[in-house]
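Protein chains in written order, with our numbering: chain P, 1 to 400; chain Y, 1 to 400; chain R, 1 to 400; chain U, 1 to 400.
Since the hints were derived computationally from the structure, they do not count as laboratory data. The reader is advised that the hints may include incorrect statements.
Note that the list lumps identical chains together, so a pair holds whenever it fits in one copy or between two copies.
Claimed, not checked - Within a straight-line C-alpha distance of at most 30 Å, the following computed DSBU-like cross-link-like pairs (lysine-lysine) qualify:
id, residue 1, residue 2
1, Lys82, Lys373
2, Lys395, Lys218
3, Lys212, Lys395
4, Lys289, Lys29
5, Lys247, Lys103
6, Lys82, Lys93
7, Lys35, Lys291
8, Lys110, Lys45
9, Lys218, Lys129
10, Lys247, Lys82
11, Lys29, Lys82
Next come the chains, spelled out residue by residue.
Number of protein chains: 4
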Amino acid sequence: MNNRKLGIAIIGLGGAVGTTMVAGIELLKRGLIEKTGLPLAELDKNLIEDLADYENIVFGGWDLYGENLASAAEEHDVLTPKQFIAVEEELRKIKPWRAVGNKEFLANIKGENQFSGNSHLSVVEAIGKDLQIFRAENNLDEIVVINLASTEKLADEGNEIFNSLVSFEQALDENSTEISPAMLYAYAAIAEQIPYGNFTPSVSVDIPALIKFAEMNKVPVAGKDGKTGQTMIKTAIAPAFRTRALKVEGWYSTNILGNRDGLALSNKDSLASKIKTKGSVLDDILGYKVKDHIVDIRYYRPRGDNKEAWDNIDVTGFLGQPMQIKINFLCKDSILAAPLAIEIARLLDLAKRRMTFGVQEQLSVFFKLPMTKTKDAIPEHALHRQEQMLFQWLKNEISV
Amino acid sequence: MNNRKLGIAIIGLGGAVGTTMVAGIELLKRGLIEKTGLPLAELDKNLIEDLADYENIVFGGWDLYGENLASAAEEHDVLTPKQFIAVEEELRKIKPWRAVGNKEFLANIKGENQFSGNSHLSVVEAIGKDLQIFRAENNLDEIVVINLASTEKLADEGNEIFNSLVSFEQALDENSTEISPAMLYAYAAIAEQIPYGNFTPSVSVDIPALIKFAEMNKVPVAGKDGKTGQTMIKTAIAPAFRTRALKVEGWYSTNILGNRDGLALSNKDSLASKIKTKGSVLDDILGYKVKDHIVDIRYYRPRGDNKEAWDNIDVTGFLGQPMQIKINFLCKDSILAAPLAIEIARLLDLAKRRMTFGVQEQLSVFFKLPMTKTKDAIPEHALHRQEQMLFQWLKNEISV
Amino acid sequence: MNNRKLGIAIIGLGGAVGTTMVAGIELLKRGLIEKTGLPLAELDKNLIEDLADYENIVFGGWDLYGENLASAAEEHDVLTPKQFIAVEEELRKIKPWRAVGNKEFLANIKGENQFSGNSHLSVVEAIGKDLQIFRAENNLDEIVVINLASTEKLADEGNEIFNSLVSFEQALDENSTEISPAMLYAYAAIAEQIPYGNFTPSVSVDIPALIKFAEMNKVPVAGKDGKTGQTMIKTAIAPAFRTRALKVEGWYSTNILGNRDGLALSNKDSLASKIKTKGSVLDDILGYKVKDHIVDIRYYRPRGDNKEAWDNIDVTGFLGQPMQIKINFLCKDSILAAPLAIEIARLLDLAKRRMTFGVQEQLSVFFKLPMTKTKDAIPEHALHRQEQMLFQWLKNEISV
Amino acid sequence: MNNRKLGIAIIGLGGAVGTTMVAGIELLKRGLIEKTGLPLAELDKNLIEDLADYENIVFGGWDLYGENLASAAEEHDVLTPKQFIAVEEELRKIKPWRAVGNKEFLANIKGENQFSGNSHLSVVEAIGKDLQIFRAENNLDEIVVINLASTEKLADEGNEIFNSLVSFEQALDENSTEISPAMLYAYAAIAEQIPYGNFTPSVSVDIPALIKFAEMNKVPVAGKDGKTGQTMIKTAIAPAFRTRALKVEGWYSTNILGNRDGLALSNKDSLASKIKTKGSVLDDILGYKVKDHIVDIRYYRPRGDNKEAWDNIDVTGFLGQPMQIKINFLCKDSILAAPLAIEIARLLDLAKRRMTFGVQEQLSVFFKLPMTKTKDAIPEHALHRQEQMLFQWLKNEISV
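Isolated chain P (complex conformation):
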């Protein structure tokens, strides 16, 4: 236990996940919920004693929709009625800061709570200012920025302006339309020496320019795309097929979801980003290319904030004979995502104190497409090996 006061600044604060994080911590403070779903809550005391306490976390953040979090919570309908009533007052006090709008990168989201500045640098400066005020007003020991914004159009990662900090900063200066909002937030956070975690599939800190910037500025960063539902199950079960030498002939995954994020994904450019982060896990775990790995994502309004994943897996076993496994996961996006985002923030805060900067590979367990320290290295995708990596780091057995 310790008394650090940790601020989490959320990009997309008013979304379902952000609202759930805030409400969850408030409910914990009041003793109204257990710590179910928080992966680090029940570990051995000595592993977690250096992490900031859940009860000492404070929230702020940006959102294109300016409504307060009580209104947002009503819209997202994640809390039970009793839970809502218990924290309504607290949520009503929190109003998202103005955010970066950019129709190029996020076509289906139309919120109007936007920065007035129209140059990249003015936006970066405004973000930095927000963070400084957040720290000062709440007397925070540390801040971590977590990106929870809706998925952006897939940026052109190969573009040379992303290859070095010099070229990136020049492009910033020139207001390049290649630079996405997600990159602006990441740049601004790093400039303020604030750790940054990317819970979305958007391209942000995962470009050479910003990784370099993080290392130079001594900032830990992590990403990307929270591994919550279908992919989490996939990376738990695929290793078992390898253990049993069952050959995966095909894997068809479809997802139906109905919240604001789902709507963003019904735009095909955003969808491309998402599909990308879901794609390579199988081959890396199994050690061969699965020829027929299909991932569909469908906006389906009746599902609301719930998410349904359906997987059909075709394997062959001994004598080359075929078998099938089908998995249906009726889950709640925000309920799965919020506690992971909280743990990422606590761990990035610890990493900074431990002086481990740049990409934090030991956080792979939380991500669909873990960033690696070495460019183009194959990330570890198997859930149990990722967990082991994290535990070893917590025990100080490895420095990543």
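Place chains Y, R and U on chain P using the hints.
Same frame as chain P, now just chains Y, R and U:
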């Protein structure tokens, strides 16, 4: 690679699994199938170089049904027509030896290919004789006995006659009705210094008397109950719930299967044995008692040798909110079981050469209810940790 | 539209279904819900103009648990928080009358709100008195008794005391232990010339003695066992297999449910009643015996008042080739049952005015095991033909 | 029974469905299979006595792939090994006639067994010639043409050249690129006074010009798109939701299939045709617009000729409360389709003798998007009412 000639003596040779083992090895010898489904086939050469080659395995065994294996294969309908034609001649040459019948322990199986002897000791002697002839006729370097017989009625494990070798041998002498056929085979194998693996839920070598006997006679033994379908998936996915701190509120598992084993299980005494071995895995993996863990097994004729497992899992996550996972596994019992039984035999053979006797915990990955060296120790159930244990042993990193 | 005031006297008023009926009508009166789920609500005006209006229905009834309906509703957790608040006051006013307890027939239910009388005739008299008071206090035009009590042990339907009214009344006189609570309620209702509908699998009005009594006393009766979830789907889809000449080789149905009814069914005597009413529908619809039709019901606490039905259907088609259909129905027992029970009551009231007495076959659409006018006739089970039968009766095209 | 000799000329003869039709009838002739899957086989004798016997059917037809049917059967892998061996010789004798190729309308199919003629009229003439030869060589009493070709790009149905026979024939003359292969076959069949059934989603006889032509030439026609798997189940179960007044809030259907037809559908133009015929059934059955009805079709190679349909249905019931139904249909496309196509041919033959020309609405039970006699009429989609319509026509109760 090596040239050891390994004999596998199967209790229940004419069953679907036994027949599939024999046919599979014959197909491998002819180059007609890949090594899919054989867990150790593709490991690093240095891990597996001491194991007997698949192609050097020879089969024999006992069965209450005396028909040759070609007839058995037709009945079980596991092979494709092409596979059947390719090995029919070879299968037709193999006829099971007479087996131990006992209506007390196996009510639904009525085969008439039985030992004539009516004392326990005469049966033990006859089994030993079978093994000696098998070795001599095939010029074998080693034999391993694998129990694949239909599940027996749950023996009274607490009975004091099982607690020491002395009392067990006295009970043998007195033809105690408490002693099951499975125990007679195990006793006879150990007496011949032949390694023994129990792929069934029946109580056999897992009693103090026989473990002691194995240690004394320098024989490696392993069990019990092959982890093939539903429980294999269960032990792959349950650790993920722990990783994500999702609380398992209930787990309902039902199985439908239609082969001879399924028929045996439609007897409620045999079913009790089976349910028992499936029961404790969850609690041990999760670290708490799952209050509503239900396992149903149903004989359903239309499924034939295929097996269908359906799992419904209720978990709660952050904010105490409920989610559901449903898994449907359309699998083939023999296709999953046969390669595991082959690997168990190869590993027991190696264990004997490595001079590791008694219970072989490093084989846990193959069993639903792994035997432990220490009485009443909690076995490791998580599939990935079991696999790790085996790999470490293969690398000689641990001696179990 | 009309102004009839209809009383529904429910056996098992405080159960989940009864409470939902009362709450539903109260919510309708307040305009807080649509008429979704009420099968007759949206039919052509001329078909339904003679039925009592939903808004003119008043409730009373018996229950072994004496708590008021607001407390019952909290326990059953069927209403949403908003719905509960809207009708809480009204529900709190309704307290079940004392009911008939009988541990012989209902082992798992232990409520103490019981009649003090200890002879069958005193119980019959008390029930009659309750109905008279209910009518007088509410100034009702008609009462209908609906049985919603937990499933009783299967009565010995073949017993000769049930074969004639004379022998039944003699057995009543002699306090025969063969007579179940469900029969006492049915007898008492008929004696009061009050229509009676049996929504449960218990044996009640479906014995020759009571059918005769109903005809003599000019009382319409109907049953039995509300067709809500799995069987409803089964009788919708089985006719399609016949339409396509797909041969049903096997049908495995399992149910998991966690409410008070589920608990009652975890008693194997009650379960036998339930399984019985679910059993014959397939053969009657398909025109041949399905050899492997298995129905399992499991009490599974985490499901609460929700009910999950899982069906696996094996069919063969052209060339004798096999196919599978799997259906998973995540439903809410009370939500499906309550509106059907309301419609049954409205239709029995109409039947009495139309002077059609005895068994009401045109209500088959609501029942798993429809009673038939002719003893041992095969009931119509196909959902669409049952519906057609009801519509024709409503149009006065048939007198049943 | 009768001795009519009926020829079925199949467009796409070498496809999986066509091959299965031919093999199935051959197996029936040899008494090697039952009549399972043939919807009219087991009806009352008096209903079906005028239909041509299955055993008197002879096959011919066109295909872009010129291989004989034994080779085709091997590729499609629909027959069991025993079935294949039994009819191999017969199948080897049948070689498809040259077919109409058109990359505009069918992009993914590349067969080279094409007509040499390059004007529409020469193609029509060649088709007519094929039919005349087929009749003469086999001494047929009647021929029926059945379209089983891969789905074409959606033709522009609104184009005015399709509105009258005059404009259509002028467009023919001018080799309009708007005219699809499917239309040429239909035109040619009608010109020969040969009944025509469209088992595919392609636009063919369902344009005013060709319907007029059929009526003028006294030819019965029917279509379109065989209702085999998912849509068949959908139209069996959707009426049940109406019966129970359960409001369908959303219906998500996804299909995975891996045969040649699936490959054709992976072209987005062909897919558009298919989706269209699957789209309207729900709204027509339920009587309101289902806002969230999504139909996905995915080419998934491991499924082969099998087809898997997965439906998720969200309904609300009483009190507005949500429930879910999930249906998984593991079916075999050709096994479901072939017997329906055979019955359509037998019924069109009968219709011609009964002098009922033009659109045959009584065949609706076989089609996803039944053609109606009256333009823009809403077709009957409910499976049971469609069946009733057919039975009444067979009984001569209605003339359609």
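Taking the numbered hints from earlier one at a time, note which ones the structure violates and give those numbers from smallest to largest. Structure breaks hints 1, 5 and 8.
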